[in-house]
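Using the supplied hints, reconstruct the complex from the two chains, each of which is provided in its own coordinate frame.
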Amino acid sequence: DAKTTQPPSMDCAEGRAANLPCNHSTISGNEYVYWYRQIHSQGPQYIIHGLKNNETNEMASLIITEDRKSSTLILPHATLRDTAVYYCIVRVVGAAAGNKLTFGGGTRVLVKP
Amino acid sequence: DGGITQSPKYLFRKEGQNVTLSCEQNLNHDAMYWYRQDPGQGLRLIYYSQIVNDFQKGDIAEGYSVSREKKESFPLTVTSAQKNPTAFYLCASSISRGGSPLHFGNGTRLTVT
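The listed protein sequences derive, respectively, from chains A and B. Those letters in the first sequence? Residues 1 to 113, by the numbering used here. Those letters in the second sequence? Residues 114 to 226, by the numbering used here.
Just chain B, with the same shape it has in the complex (with noise of 0.2 Å):
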């Protein structure tokens, strides 16, 4: 079945620590989104790319970095600098062709204590 996996889907760290969030997709989709969610809200993009080794910062993007090396893959590196890390965190493909829906994976939970 083509898709998106996000893993894991619990996630745990302390604070201080980096941790790297894994999306992978294999709908052979040039974009691909992060976006980040916390209790009773809506999306947030966080970044997204629109081709391999390029992408564009959301509108929060301050303490995240991302990477796109490859077609199938962009993982999502939160860092220290980001002050509330907690949240849900939810990966999208689509492809290129404006107004194209965005597929989503079942997202990560990260708690940072």
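The shape of chain A in the complex, shown without the other chains (with noise of 0.2 Å):
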């Protein structure tokens, strides 16, 4: 699986929209993005997932660059709730390699008031 770098924090203000970087310079074609929170002392949660395309749901948004080597996740209007750890993975998706993942560092976030 490629490998991702994040920064290791980040803060922002409640209200207004988080926009979260990831690089993965060395992924290939069929490896897809995906992201996951943490928020402390719990499991982690399902965000995103995307290949090309950018994607979005009730969470976030996703955007990856036209080459693929880095992508944004976007929480659109922060809340304190959203202070959390964010991972960004990249992964390959196919039937013998399994749903496993590799969780890297990842972000924390601090949502201010």
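Source of the hints: derived by calculation from the structure; they are not laboratory data. Predicted model, so just to flag it, every value in this text is computed and none were measured. It cannot be assumed that every hint is accurate.
What the hints assert, rightly or not - Derived EDC-like pairs: lysine to aspartate or glutamate, alpha-carbon spacing no greater than 20 Å straight-line:
| # | chain 1 | residue 1 | chain 2 | residue 2 |
| --- | --- | --- | --- | --- |
| 1 | B | Lys183 | B | Asp151 |
| 2 | A | Lys100 | B | Asp167 |
| 3 | A | Lys100 | B | Glu175 |
| 4 | B | Lys196 | B | Asp151 |
| 5 | B | Lys127 | B | Asp143 |
| 6 | A | Lys100 | B | Glu185 |
| 7 | B | Lys196 | B | Asp172 |
| 8 | B | Lys170 | B | Glu182 |
| 9 | A | Lys100 | B | Asp172 |
| 10 | A | Lys100 | B | Asp151 |
| 11 | A | Lys3 | B | Asp172 |
| 12 | B | Lys183 | B | Asp167 |
| 13 | A | Lys100 | B | Asp143 |
| 14 | B | Lys183 | B | Glu137 |
| 15 | A | Lys100 | B | Glu137 |
Listed below in structure tokens is the structure:
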């Protein structure tokens, strides 16, 4: 699986959009980008994933660059409850690969009032 | 509500004792996973199972054992051979279709003294 690089921490203001970057310059054509978040002392929560098109759901938007070497998770209106560690993961998808994920250190996001 | 239940939330053991962590899911998922998390670190995969009566080692399987006798249950035994067992243990499940997101329990914090 391709390695990802995320900033270790970032702050954002409540009510503003939070833009979380992720670099995955060695990503291959059959690898998806996944985002999870982990609120303190809880299990990680799935947010969104995509291959090459931008994706949006009720939680967030995922913007993937045309060359797929980086992506940005956007939380459109951050709330205090969005304070968490956010993990960007790239993963080959296929029956033999299974769904096991490799988590890096993530970005610790602090939403401030 | 469908979900993954890990029990207990906190577990204390003396060094040299084996301990078994429970993980039950009612999501009808075929695949189940165990991860370990140390303070300030990402998750590391211990074992995973894609089908009943079958499981594979993850990245850090030494000192751990699992069984998968029922679809709903995937208990993890931390043996006395595990050198640093104190950690936060997370169980997850997913459907087998490639790329499906993982659903996590809220973890068991094991302390061995």
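Verification of the hints:
As the CA atoms of B:Lys183 and B:Asp151 are separated by approximately 29 Å, the hinted pair breaks the 20 Å bound. Under the criterion of a C-alpha separation no larger than 20 Å, the hint pairing A:Lys100 with B:Asp167 is consistent with the structure, at around 15 Å. Annotation: proposed proximity of A:Lys100 to B:Glu175 holds, straight-line Cα distance about 18 Å (limit 20 Å). Taking the CA atoms of B:Lys196 and B:Asp151, the gap is near 14 Å; set against the 20 Å cutoff, the hint holds.
Only pairs whose Cα atoms come within 20 Å are accepted, and B:Lys127 paired with B:Asp143 is rejected, the gap being roughly 34 Å. Taking the CA atoms of A:Lys100 and B:Glu185, the gap is near 18 Å; set against the 20 Å cutoff, the hint holds. The suggested pairing of B:Lys196 with B:Asp172 holds, with an alpha-carbon distance near 15 Å, which does not exceed 20 Å. Restraint check for B:Lys170 and B:Glu182: satisfied, since their Cα atoms lie roughly 17 Å apart, inside the 20 Å limit.
Pair hint A:Lys100 plus B:Asp172 holds up; C-alpha atoms about 11 Å apart against a cutoff of 20 Å. For the suggested pair A:Lys100 and B:Asp151, the alpha carbons sit about 18 Å apart, so the restraint of at most 20 Å is met. A C-alpha spacing of about 16 Å is found between A:Lys3 and B:Asp172, which places the hinted pair at or below 20 Å, so the restraint holds. At roughly 11 Å between alpha-carbon atoms, B:Lys183 and B:Asp167 fall within 20 Å of each other, so this suggested pair holds.
The suggested pairing of A:Lys100 with B:Asp143 holds, with an alpha-carbon distance near 13 Å, which does not exceed 20 Å. Under the criterion of a C-alpha separation no larger than 20 Å, the hint pairing B:Lys183 with B:Glu137 is consistent with the structure, at around 10 Å. The straight-line distance between the Cα atoms of A:Lys100 and B:Glu137 is roughly 18 Å, inside the 20 Å bound, and the hint therefore holds.
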